[in-house]
Amino acid sequence: MKKFLVVIAVAALVMSLGLAAGCGKEQVAAPGGQLSAEEQARLEAERQRRLREAQLQEQEARASQLREVFVNQDIHFDYDRYDLSAEAKQTLNDKAEYMRGNPALMVIVEGHCDERGSNAYNMALGEKRSKAAAAYLEAMGIAPNRLETVSYGEERPLVMGTSEEAYAANRRGHFVIK
Amino acid sequence: MRPSPRSLVIIGALLAALIVMAGSAWARVYIDVTQPFSRRLPLAIPEFQPLAGAAPDAVGAEGNEILSKALSFTGLFDILDPRGFIGKPQPGSVNYAMWSKVGAELMIACSYQTGGQGLTMECRLYDVVERRLLTGRRYDGVRADLPMMMYRFADEVMLAITGERSVFSTEIAFVGSRQGEKGAVKEIYLMSFDGSSIKKVTSHGDISLYPGWSGDGRLLAYSSYQKRRPAIFVQALAGGSGKLVINKPGVNLTPVFQPGSNNLAVSMSHTGRTNIFLVDIAGQIVKHLTNGWGIDVAPSFSPDGKQMAYVSDRGGSPQIYVMDLASGQQRRLTFGYKYCAAPDWSPRGDRIAFQAMDDGVFQVVTIKPDGSGAQVLTSGYGGAEDPTWSPDGRLIAYAGRQTGRYQIYVMTANGQPIRRLTNLPGEQTDPAWSPRGVSRPLD
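These protein sequences, in sequence, are chains A and B. Following our numbering, the numbering of the first sequence begins with 162 at its first residue and continues without gaps. Following our numbering, the numbering of the second sequence begins with 364 at its first residue and continues without gaps.
This is chain B alone, in the form it adopts within the complex:
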């Protein structure tokens, strides 16, 4: 069939639209996290200035430090040394040529005003290369709101640059262990995304393990030996103590919440096999999910809740399997490693992180859900275990043993190290990253 002149015009218009869309999309992609060696964006954050007529105040320097630390935590920016800057930013007019000269591609200018306890903060993000304002926000509050203001603006910066907010409203749950009289005592703890503000969640005085967040970030499920064998507890983070949900004979392990519900996938052995079951928050079994003859543990749902990755020894060694929940079909995901465990499905859905035995040590590996594109993200002495994705899918926290004892580290999704998050006595393992909006309300 020959295209009519009219259809050609339509195709032409579509093509033009596509080119425009592609152009604008290209212009907005600052960093592609799927590229393993994407460079960091040079960002200038000059000294915060008092608003016109306002007096200088220490909140300027404090705010600058909080914002710089938060943005450098993402691993996306190279924050330029302010000693190289020429002059101060003038509110309302940006000297792009000058910022370009010091190597900046992005610049953040913030101004403030204080009065008694009151604090006003105005921040703007500029694209120095394209010479335009990307985003701006004004916050009115009290001095104590300064960190919240800075974290909110950091999220705005990430939204403008990546199309998504970051981790500044998140916490990480983990297992902290110290030596007791009868062996290690393990409790569940919480900390801010950057390792600050550590809080103890459980006080069972025995062994508590495997923290897992509910989708709304209000509940934390875990296993504890309070009943002399691993049983599942759920703790409301608003307060109170953990409530016993399920305590079947045998083991009750690795609870994770099903996306969009308060049901939990739990590994249980009361049938004689260690299989994964779906149970409701009252502990009633909703569905028997896996059917391995031996050990099935450590479920992790895909973000749409339609699939579940887990560990099974049905092939003779522990490997990662993926189950389609509607059809019940199960397939092996990992090959080529002797021992794979602790799968965590990225919130973006595009990769699954897990720990794989490599040369006698575990390392963190990510793989596409179809089993292709495996990338080993960590290396070296001590190894890395129990990966957990940040809710934006850009960062991975894990338990590493570089110092000889387990501590929590964070890296980008393509394996660029960011830093160690914990430096507590004893050992810290099994991190679980919260959804967004846990440490403070979102905008």
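Next up, chain A with everything else stripped away, as it sits in the complex:
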């Protein structure tokens, strides 16, 4: 019984290989000269179309990747500070470039704080952070009417917990596409 099954499997394998080889041969032969000019043109057009499609797909993938980066990459602040670090400015340069490339994009800049400090002061501090980021984007040529700022103070932490890492992740400017 077992032997019989093995024979069938091997036969199936050989047959499929033969078929594949047959197909390959036909394709290789195709551009050879038996095809009419009309057919060749059609194939060429098809090839171009596929290429464009692939390029578009790649562009789309890249665009969605850039969009992902735009909304997911936060800028970070030191404790009780709202000035922009060199790293934050670099990130904001990327944001500005992305917004220039997508002129219809309207963005909400959120300012957030870690949970230390008074709630009211942090609400004001979060606003300073969102304003600082928006002002930088404006200086980079983004029209002010494309930017809206909102502070969440310490109300919307990204990471729960009381570690330095959690605090650092929560002191952030976050960018939301409207």
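Rather than coming from a laboratory, the hints here were simulated on the basis of the structure. Fair warning: this is a prediction, and the values are worked out from it, not measured in the lab. One or more of the hints may lead you astray.
Stated by the list, open to error - Straight line, CA to CA, 25 Å or less: simulated PhoX-like cross-link-like pairs of lysine-lysine:
#, chain 1, residue 1, chain 2, residue 2
1, A, Lys339, B, Lys611
2, B, Lys606, B, Lys590
3, B, Lys545, A, Lys339
Stated by the list, open to error - Label-pair restraints from in silico Cβ distances:
#, chain 1, residue 1, chain 2, residue 2, range
4, A, Glu326, B, Gly447, 54 to 62 Å
5, B, Tyr744, A, Val320, 18 to 26 Å
6, B, Gly635, A, Val320, 26 to 34 Å
7, A, Gly322, B, Asp733, 39 to 47 Å
8, A, Val320, B, Pro622, 39 to 47 Å
9, A, Arg317, B, Val492, 52 to 60 Å
10, B, Gly723, A, Glu221, 46 to 54 Å
11, B, Ala599, A, Asp239, 41 to 49 Å
Glycine included, each C-beta is placed from N, C-alpha and C at the ideal position.
Chain B: place on chain A using the hints.
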């Protein structure tokens, strides 16, 4: 100039009057709250007795419990264990020697009479040491009035002992938070002074913060995100929902009512700086008050309305400043702490409570308005934030985190712990103590 014999006589008479006044004043000062370690007064509240000819009733024990709990809440009394008492009080005659023997310096005797739904309660407070009646009241009403009768008499006791009524007609507003789908949902709640009778005030379903009472206790101002950024709402406690008062671009934070008016001091950032403005109840700006370049928030007026404490980062870190409103002069109040916030000016005017960063944790500190006499009132793990004074200036409620989540606690003005007021799911923060007469009419 040599004093004439006649002026000497006048001075002598004045001196005598002063001595008499000082004597009587001394006799009436039972407790000095400004003394950090003032002892508690031993108070006996024996079993309530039926009035002559009346039948015994459960209201006696109920009334005793309400009165004992209310008075012990003030932190001023050591309520003696009735199991140590000898005999029962006889209406009309007080055996001072016997009460003195069980260690009481004060004694309250109450008698009652019930008939159907009717209830009569008679209560008297005696000074056992001086062997005299201090105050007495008779209340006529229905059984359901029992708590109100007891709270009213508790206020009479406080009036006799301290010269001022206490907190038994007050409520505390606070922010209650629970976890929602997009993060914490925060609403404003009310509770009685002792943490009972919790009521939800707002139902915005987003983030509502910073409750502040009007002087008459009829309005509550707060900030809410209902309009996608913190805007100021005012809610009439008689009913209805919060009315939007001010929604300037940026943030609109920490509304407090100006004493004696319905104007609000609010922190707003529409000018680019976060400064404190005076706005009227219709949202019109009356006056631009502070002028810090960065962040000015959390105003609190002195009780006479002439000065205002607030938080500013103009010196490089958040500290408490005091502004004289007539002259516009501003001075820094707090030094020696890295971070100070949430000032609340005592209704007595003599101290300002705030939260100060001490060893990485906030603690509640009080300080005189001239910047001297700082006292740290809380200590230990979790810290304490957002202090609020009771309207008599004897108690401070605050948000503490001893259990790992914020809950509301109360202590005396000199830092003796009284108890935790809230034990709800989620967190409770930012308490704001009402003026007197909110939970029931005063006498």
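Hints, verified against the model:
Note on Lys339 of chain A and Lys611 of chain B: the hinted pairing holds, with a Cα-Cα distance of about 21 Å set against a maximum of 25 Å. For the given pair, Lys606 of chain B sits about 12 Å from Lys590 of chain B by alpha-carbon distance, which is consistent with the 25 Å threshold. Among the hinted pairs, Lys545 of chain B with Lys339 of chain A is consistent with the structure: their alpha-carbon atoms are about 17 Å apart, no more than 25 Å. Remark: the range hint 54 to 62 Å for Glu326 of chain A to Gly447 of chain B is upheld by a beta-carbon distance near 57 Å.
The supplied range of 18 to 26 Å is met by Tyr744 of chain B and Val320 of chain A, whose beta-carbon atoms lie about 22 Å from each other. With their beta carbons about 31 Å apart, Gly635 of chain B and Val320 of chain A fall inside the hinted range of 26 to 34 Å. As the Cβ distance of Gly322 of chain A to Asp733 of chain B is approximately 41 Å, the hint placing it in 39 to 47 Å holds. At roughly 42 Å, the beta-carbon separation of Val320 of chain A and Pro622 of chain B lies within the given 39 to 47 Å, and the hint holds.
As the Cβ distance of Arg317 of chain A to Val492 of chain B is approximately 59 Å, the hint placing it in 52 to 60 Å holds. In this structure, Gly723 of chain B and Glu221 of chain A meet the distance hint of 46 to 54 Å, their C-beta atoms being roughly 49 Å apart. Between Ala599 of chain B and Asp239 of chain A the C-beta distance comes to about 43 Å, which sits within the given range of 41 to 49 Å.
Of the hints listed earlier, there is not a single one the structure fails to meet.
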